[in-house]
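Peer 1: Sequence:
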Amino acid sequence: MPPTTRCTDLSPSLHHLLVYLTRATWPPSVDCRTTTLGGGGALRFLARAIPTLPSRRNSLVGFTFHHVDFAACAAAMYAPMRMGSACLRSLRARPAICRCAAASAAETLVQAPSWPSRSHLAGTLRASDVDAKVCLCGWVDGTRNHGGIVFVDLRDHSGVVQLASDPKGALETHRRMERLRNEYVVHVFGTVRLRHESNPKMQTGEVELCVDRIELLNAVTKPLPFSVSHVEDAKNQSPLEETRLKYRVLDLRTKRMANNLKLRHQVIKCMRRFLEDEQGFTEIETPILTKSTPEGARDYLVPSRIHPGSWYALPQSPQLFKQMLMCAGFDRYYQLARCFRDEDLRADRQPEFTQLDLEMAFMDQNQIMQLSEDLLVKVFKDCANIELSKPFPRMTYDAAMSRYGTDRPDTRYDLRLYDISMHVKDCSFKVFADAVSDGGSVYCIRVPNGGRISNSKLKWPKGEVAKEAAAAGLAGLSFARLGADGTLEGAKPILEALEGDRANKIMEHIRMEPGDLLLFGAGPTRSIQTALGRLRCFIANSLGEIVDSNVQHTALWITDFPLMEWNEEQERYESVHHPFTAPHASDLSNLQNARAHAYDIVYNGVEIGGGSLRIYQREVQEKVFAAIGVSKMEAEEKFGYLLQCFDMGAPPHGGLALGIDRLVMLLCGASSIRDVIAFPKTTQAVCSLTHTPDPVPPSQLKELHIRLDQSKEPH
0 MPPTTRCTDL
10 SPSLHHLLVY
20 LTRATWPPSV
30 DCRTTTLGGG
40 GALRFLARAI
50 PTLPSRRNSL
60 VGFTFHHVDF
70 AACAAAMYAP
80 MRMGSACLRS
90 LRARPAICRC
100 AAASAAETLV
110 QAPSWPSRSH
120 LAGTLRASDV
130 DAKVCLCGWV
140 DGTRNHGGIV
150 FVDLRDHSGV
160 VQLASDPKGA
170 LETHRRMERL
180 RNEYVVHVFG
190 TVRLRHESNP
200 KMQTGEVELC
210 VDRIELLNAV
220 TKPLPFSVSH
230 VEDAKNQSPL
240 EETRLKYRVL
250 DLRTKRMANN
260 LKLRHQVIKC
270 MRRFLEDEQG
280 FTEIETPILT
290 KSTPEGARDY
300 LVPSRIHPGS
310 WYALPQSPQL
320 FKQMLMCAGF
330 DRYYQLARCF
340 RDEDLRADRQ
350 PEFTQLDLEM
360 AFMDQNQIMQ
370 LSEDLLVKVF
380 KDCANIELSK
390 PFPRMTYDAA
400 MSRYGTDRPD
410 TRYDLRLYDI
420 SMHVKDCSFK
430 VFADAVSDGG
440 SVYCIRVPNG
450 GRISNSKLKW
460 PKGEVAKEAA
470 AAGLAGLSFA
480 RLGADGTLEG
490 AKPILEALEG
500 DRANKIMEHI
510 RMEPGDLLLF
520 GAGPTRSIQT
530 ALGRLRCFIA
540 NSLGEIVDSN
550 VQHTALWITD
560 FPLMEWNEEQ
570 ERYESVHHPF
580 TAPHASDLSN
590 LQNARAHAYD
600 IVYNGVEIGG
610 GSLRIYQREV
620 QEKVFAAIGV
630 SKMEAEEKFG
640 YLLQCFDMGA
650 PPHGGLALGI
660 DRLVMLLCGA
670 SSIRDVIAFP
680 KTTQAVCSLT
690 HTPDPVPPSQ
700 LKELHIRLDQ
710 SKEPH
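Mapping of the sequence shown onto numbering that gives the first Met the number 0: residues 0 to 714, in sequence order.
To be clear, the hints were calculated from the coordinates, so they are not data collected in a lab.
Glycine included, C-beta positions come from ideal geometry on N, C-alpha and C.
Careful, some of the hints might be misleading.
Unchecked claim - Calculated cross-link-like contacts (lysine-lysine; reagent style DSSO-like; alpha-carbon spacing at most 30 Å):
1) K268 x K389
2) K167 x K245
3) K221 x K261
4) K491 x K466
5) K254 x K200
6) K221 x K268
Claimed, not checked - Have a look at the derived ranges for each label pair, beta carbon to beta carbon:
7) P651 x A677: 37 to 43 Å
8) K458 x R143: 55 to 61 Å
9) T682 x K637: 27 to 33 Å
10) A584 x Q369: 43 to 49 Å
11) P697 x D276: 17 to 23 Å
12) E342 x Q551: 43 to 49 Å
Using the sequences provided together with the hints, build the complete structure.
Peer 2: Spelled out as structure tokens, the structure:
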């Protein structure tokens with residue numbers, strides 16, 4: 000049996016290779032897993048064992064092969080061991096084993112574990128640092144060998160700088176530089192010098208580091224799933240999101256993701272400084288383990304081990320706690336709150352998310368909205384150099400639905416909706432007339448220069464625009480055009496419906512001009528508004544209205560939402576926002592049709608925040624509870640602690656919450672909030688990195704007094 004020695008420098012891949020070989024050649028009675036080989040003993044054993052290796056190519060599945068210069072590795076690792084010519088011949092005769100051993104040799108160049116310090120950051124070196132002796136740490140971002148001179152791009156969180164080495168300097172350092180590969184972790188010592196030709200694309204493009212010494216702290220031992228380097232690589236530039244989430248640590252090294260998270264940090268820092276230093280807010284944390292309350296989405300529940308059968312809920316928002324803080328006398332509260340909602344996901348939703356939560360006492364709605372505007376103007380300017388003009392326009396919910404078909408309109412372009420019900424209520428076109436007589440409406444969209452949309456795209460049901468109309472919920476799509484001579488063109492039923500003075504009134508109402516296109520929708524008012532609102536956005540994107548617009552950044556308030564809406568399935572009224580929103584005082588006698596003191600803030604067609612004035616009187620709160628079907632007994636059971644605060648002198652108060660993830664997504668131009676969260680979930684609410692959620696041992700379930708229903712198959 001080969002001699003057994005202890006060698007702490009034995010590399011992992013060489014160890015695995017030896018384990019395989021011992022299983023193939025040693026007697027079964029020897030437990031090779033507990034045997035450590037090193038030094039010459041390992042090499043002599045390899046020389047004897049390799050000739051006995053089975054010829055099957057798949058016998059080395061699982062080993063990592065790298066195309067590393069074997070001669071250089073042998074010089075670094077094997078020469079001191081005085082390895083015999085027979086062993087070398089055996090290795091060279093088997094290229095696969097040779098490459099595996101070479102990978103092991105490269106790994107052994109990694110020094111023993113250490114925690115080195117650095118004098119500078121890679122991205123901070125400038126011409127003013129020339130001739131300075133510096134020490135850097137970071138990742139290899141790329142390598143180039145130009146006629147014997149080796150260039151390496153070194154990356155850390157501050158940026159990238161070029162390293163340079165040539166054979167005329169320290170030979171061992173040069174050889175180490177030649178063997179570096181992308182994402183190796185290194186510790187570098189050298190002198191800053193000016194580059195022969197500056198690179199204006201790099202912040203450090205004026206200088207480079209002439210390397211005196213380099214230490215390999217860690218190597219890459221497996222092929223990377225995608226490239227991290229800034230170098231253009233069409234094959235690896237856009238890996239699948241599933242792959243990116245699985246290898247999230249690697250993905251976070253990319254420049255785009257690093258910049259996104261840095262911007263997120265800047266936004267939060269800017270918010271904190273504004274709220275604390277300029278507005279006198281106090282940051283207060285509220286509980287994560289709390290009580291389940293009806294807030295529109297399913298709760299994430301946490302079982303109590305100490306109280307079998309009882310559950311905590313993860314908060315959907317800190318709503319009730321921040322109201323109680325107002326009752327406690329904290330006039331201005333804020334928190335970067337973690338919120339949890341078990342709901343269907345999409346690009347701008349996650350099961351767990353972060354919001355800036357604000358609550359203020361003794362302030363009216365205008366004051367809260369003005370403070371919020373000041374905050375957003377500062378964040379947009381300081382963090383993204385975007386100018387938002389104040390005051391933000393305000394639009395009621397009813398006006399937004401009537402003009403744009405949505406409560407979060409993108410007002411960078413027009414394409415507004417027009418209600419023409421009064422002009423067609425008694426026309427000959429039955430679809431229009433019946434819609435109005437049934438209590439619905441007829442709306443149209445005016446598309447300027449409508450010739451950009453051909454009739455084939457409008458043809459029902461296979462035209463591009465017609466398909467979108469069907470997906471939006473329209474049963475059909477009628478249209479008409481205004482010709483150059485001022486006459487309407489379109490299908491006969493439409494022309495007959497709009498004949499005579501009726502057509503002139505409609506054209507005057509919507510300010511129609513020659514070349515314009517009209518798209519019609521008829522049916523229940525809210526349904527038609529919503530469907531045409533979606534069609535409006537589709538047309539704007541198709542025609543490039545947003546890109547061509549002179550206004551690229553618009554923010555506005557949507558106010559006076561309905562307090563309640565009818566739930567057809569449950570046959571009862573429910574709160575549009577939450578049951579703690581204050582109704583307009585003039586609407587207290589008719590809560591089902593009341594307007595709420597609620598306000599949402601919309602940026603470029605995306606809701607980024609919302610809030611309301613809160614109910615602070617017990618009688619009003621109980622009246623709202625009763626209107627949505629919550630009895631006094633149920634109210635005491637679920638919200639007694641809040642009602643008790645109202646009995647002890649609650650101040651008038653209100654607040655607002657801004658979605659941090661969505662806001663940062665918009666500021667950095669990302670398409671999904673997953674690109675601005677370090678470790679997000681997929682659309683299936685799964686963490687691809689940690690493979691959660693996952694089953695837990697039965698013993699843990701037993702401790703929690705939980706038994707799974709085995710009759711139901713998992714989803």
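Peer 1: Verify the proposed pairing of K254 with K200, using a straight-line Cα cut of 30 Å.
Peer 2: holds (14 Å)
Peer 1: Is K268 close enough to K389, meaning Cα to Cα at most 30 Å?
Peer 2: holds (22 Å)
Peer 1: Measuring from beta carbon to beta carbon, are K458 and R143 in 55 to 61 Å?
Peer 2: Roughly 56 Å apart at Cβ, these two residues keep to the hinted range, so it holds.
Peer 1: K221 and K268 were given as a pair; does the straight-line alpha-carbon distance stay at or below 30 Å?
Peer 2: Not satisfied, since the Cα-Cα distance of roughly 38 Å exceeds 30 Å.
Peer 1: Between P697 and D276, does the C-beta distance stay in 17 to 23 Å?
Peer 2: Between P697 and D276, where Cβ atoms are some 53 Å apart, the hint is violated.
Peer 1: Can the restraint linking K491 and K466 be considered satisfied, given a maximum Cα separation of 30 Å?
Peer 2: holds (22 Å)
Peer 1: Given a hint of 43 to 49 Å, does the C-beta separation of E342 and Q551 actually sit inside it?
Peer 2: violated (31 Å)
Peer 1: Between the beta carbons of T682 and K637, is the distance compatible with 27 to 33 Å?
Peer 2: holds (32 Å)
Peer 1: Sort out whether K245 lies within 30 Å of K167, counting only the CA atoms.
Peer 2: Given that 30 Å is the threshold and the Cα spacing comes to 44 Å, the pair is violated.
Peer 1: Could you see if the CB distance from P651 to A677 stays within 37 to 43 Å?
Peer 2: Hint holds: Cβ distance 39 Å, inside 37 to 43 Å.
Peer 1: Are K221 and K261 close enough, with their CA atoms no more than 30 Å apart?
Peer 2: Roughly 29 Å separates the two Cα atoms, so the pair holds.
Peer 1: Look at the Cβ atoms of A584 and Q369 and judge whether their distance stays inside 43 to 49 Å.
Peer 2: This hint is violated: roughly 21 Å between Cβ atoms.
In summary, the structure is inconsistent with hints 2, 6, 10, 11 and 12 from the numbered list given earlier, while agreeing with the others.
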